[in-house]
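**Student:** Spelled out, the chains give:
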Amino acid sequence: MFSLKDKHLAQSIVEKIRALHVQYRFMHVCGTHQDTLMKHGLDVLLQDCGIYIGQGPGCPVCVTTPREIEEMMVLAYKGKIITSYGDMLQVPGRDTSLQQLKTQGCDVRTVYSIEDAVDIAKSNPGKDVVFMAVGFETTAPSTAVTLKNNPPDNFFVLCCHRLIPPALGALLQMGDVNLDGFIDPGHVSTIIGVKPYESLSQRYHVPQVIAGFEPLDILMGVWMLVQQLQQGNAQVENEYTRAVHYKGNIKAQAILNEVFIPIDVKWRGFPEIPQSGYELHEDFSLHNARVMFEDVLAPLDQESFKEPPGCRCGEVLRGLVTSKECPLFGEQCTPSSPVGPCMVSTEGSCNIEYRYKKNRQ
Amino acid sequence: MCLAIPGKIISIDKKTAHAVIDYGEGTQRTANISLVSVKKGDYVLVHAGFAIEVLNEEEAKETLALFQEMLSSEQES
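From first to last, the protein sequence lines stand for chains U and L.
Take the first sequence: its position 159, counted from the start at 1, is 159 in my numbering, and no numbers get skipped.
Numbers given in my numbering equal positions in the second sequence, counted from 1, plus 1000.
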């Protein structure tokens, strides 16, 4: 229906950028953007005309902290049925991954949708079912709808949802990554709209473009950023108008406000970022795994959690190093034997780099 | 994770707020439509089993036209 792969148009955008002889560094925060960039060789094409685009903390599975994984481990050992999206279950924790706990007799199940986890709870009335709710603003509404729909009493959510604009703010405030502009994530923006990004452009004078996921969307997004920089502008522009309205999905926002409260949370690779995560509103405490299993999870408060030795996922997520700059990349760390989450998730930049570039010079 | 696939609404079950979505090439699945206001025949973006937005075909065509226009006007200037 929407074909945005026109080679002629793509070529003219690239030539226009090349003619300007610029050197800019952009960041996007979405694994799907990274996939499009790598799959179509746009990263090489753009680098050739002075544009570097790296992936920041745009992989929900990757930014989930070791502590959150350990919370699920504890619940798995206590006999709960553990459910989450496939990539999440494969991220190495302190000793093993949730997926591997199956070999120790734990009940761990991959689901496509949170509704599958509710169905598991309905078919296992005598057991507690915990859904590890990861994902950005794109995914959080599905958790909210499900909790509003009166799930069974034996269904619980371990809320790990995180919010993109506060993370972009944290990156700019930390100031250790040199950035000329952001390509904002299309499907996060489908939910939140354009407005939540605007204060960042005003405060840090950084241009942003919300872009879709076809090759032309990204090239056009880059062109719009370049134009803004050339003209000295710093605004939020929307390239993905076929799916993103200025106000976003108001229905989804209303239900998010009803079910969640924003809280300060850590992200992997980052210190605590103010108001960058969601926890369930107290009206939903009966389904909040952290409230209902507080006694079981409490011992984790006394523990400290470290990244796997040698893993540079934290720096990759902050845009400080590329996947290939990690000494473990492609050697000790591969998709079949990952050390860090960025190699596990199909949205992680190491995994994407490995899939598309491992055999290319 | 934020991958969302476009598909066409084939039928709607209002009672359960679910719709059958056709993704092309013979693939059909149900999705929850609580987050959108839709009718049969609409194209939606589906993420993790939930339709998150209605796709605007007119906007899609306009985007392409706008690209062409922007690039050609740049060339003239």
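Derived by calculation from the structure, the hints in this document are not laboratory data.
Just so we're clear, the structure is a prediction, and the values are computed from it rather than from any experiment.
A virtual CB, placed ideally from N, CA and C, is assigned to each residue, including glycine.
Please note that the accuracy of each hint is not assured.
[What the hints assert, rightly or not] Simulated restraints, written as ranges between beta carbons of each label pair: (1) U:ASN124 x L:THR1016: 40 to 48 Å; (2) L:GLN1068 x U:LYS122: 48 to 56 Å; (3) L:GLN1028 x U:ASN124: 38 to 46 Å; (4) U:GLN202 x L:GLN1068: 40 to 48 Å; (5) L:THR1016 x U:GLY79: 26 to 34 Å; (6) U:GLN231 x L:THR1016: 34 to 42 Å; (7) U:GLY232 x L:GLN1028: 46 to 54 Å; (8) L:GLN1028 x U:LYS148: 47 to 55 Å; (9) L:GLN1028 x U:GLN11: 22 to 30 Å.
[To be verified] The calculated lysine-lysine pairs, modelled on DSSO-like cross-linking and capped at a C-alpha distance of 27 Å, are: (10) U:LYS39 x U:LYS78; (11) U:LYS251 x L:LYS1039; (12) L:LYS1040 x U:LYS324; (13) U:LYS127 x L:LYS1040; (14) L:LYS1014 x U:LYS195; (15) U:LYS148 x U:LYS247; (16) U:LYS78 x U:LYS7; (17) U:LYS148 x L:LYS1061; (18) U:LYS122 x L:LYS1061; (19) U:LYS247 x U:LYS78; (20) L:LYS1015 x U:LYS16; (21) L:LYS1039 x U:LYS266.
[To be verified] Stretch by stretch, here's where chain U covers chain L in the computed footprint (C-beta under 8 Å, at least three residues): (22) 1022-1036; (23) 1048-1060.
**Student:** Each of the hints needs a verdict: does it hold here or not?
**Tutor:** Hints, verified against the model:
1. About 21 Å separates the C-beta atoms of ASN124 (chain U) and THR1016 (chain L), a value inconsistent with the hinted range of 40 to 48 Å.
2. Our hint of 48 to 56 Å for GLN1068 (chain L) and LYS122 (chain U) holds, since their Cβ atoms are close to 52 Å apart.
3. The supplied range of 38 to 46 Å is broken by GLN1028 (chain L) and ASN124 (chain U), whose beta-carbon atoms lie about 28 Å from each other.
4. With their beta carbons about 31 Å apart, GLN202 (chain U) and GLN1068 (chain L) fall outside the hinted range of 40 to 48 Å.
5. Here the CB-CB span from THR1016 (chain L) to GLY79 (chain U) is close to 31 Å, well matched to the stated 26 to 34 Å.
6. GLN231 (chain U) and THR1016 (chain L) have their C-beta atoms about 51 Å apart, which leaves the hinted 34 to 42 Å range violated.
7. Evaluation of the 46 to 54 Å hint for GLY232 (chain U) and GLN1028 (chain L) yields a pass: the beta carbon distance comes to about 50 Å.
8. Between GLN1028 (chain L) and LYS148 (chain U) the Cβ separation comes to about 26 Å, which falls outside the hinted range of 47 to 55 Å.
9. Remark: the range hint 22 to 30 Å for GLN1028 (chain L) to GLN11 (chain U) is contradicted by a beta-carbon distance near 37 Å.
10. Between the alpha carbons of LYS39 (chain U) and LYS78 (chain U) the distance comes to roughly 42 Å, so the proposed pair goes past 27 Å and is violated.
11. At roughly 16 Å between alpha-carbon atoms, LYS251 (chain U) and LYS1039 (chain L) fall within 27 Å of each other, so this suggested pair holds.
12. Of the pairs offered as hints, the one joining LYS1040 (chain L) and LYS324 (chain U) is violated, with about 47 Å between alpha carbons and a cut-off of 27 Å exceeded.
13. The straight-line distance between the Cα atoms of LYS127 (chain U) and LYS1040 (chain L) is roughly 39 Å, outside the 27 Å bound, and the hint therefore fails.
14. Under the criterion of a C-alpha separation no larger than 27 Å, the hint pairing LYS1014 (chain L) with LYS195 (chain U) is inconsistent with the structure, at around 32 Å.
15. For the given pair, LYS148 (chain U) sits about 23 Å from LYS247 (chain U) by alpha-carbon distance, which is consistent with the 27 Å threshold.
16. This hinted pair does not check out: LYS78 (chain U) and LYS7 (chain U) have alpha carbons roughly 55 Å apart, beyond 27 Å.
17. About 37 Å separates the Cα atoms of LYS148 (chain U) and LYS1061 (chain L), which puts this hinted pair outside 27 Å; it is violated.
18. Note on LYS122 (chain U) and LYS1061 (chain L): the hinted pairing is violated, with a Cα-Cα distance of about 44 Å set against a maximum of 27 Å.
19. Among the hinted pairs, LYS247 (chain U) with LYS78 (chain U) is inconsistent with the structure: their alpha-carbon atoms are about 43 Å apart, more than 27 Å.
20. Only pairs whose Cα atoms come within 27 Å are accepted, and LYS1015 (chain L) paired with LYS16 (chain U) is rejected, the gap being roughly 52 Å.
21. Between the alpha carbons of LYS1039 (chain L) and LYS266 (chain U) the distance comes to roughly 41 Å, so the proposed pair goes past 27 Å and is violated.
22. With 4 residues having a beta carbon nearer than 8 Å to a beta carbon of chain U, the region 1022-1036 of chain L meets the requirement of three or more and the stated coverage holds.
23. For a cut-off of 8 Å, the count of residues in the region 1048-1060 of chain L with a CB near a CB of chain U stands at 10, and the three-residue condition holds.
When each numbered hint is compared with the structure, violations occur for hints 1, 3, 4, 6, 8, 9, 10, 12, 13, 14, 16, 17, 18, 19, 20 and 21.
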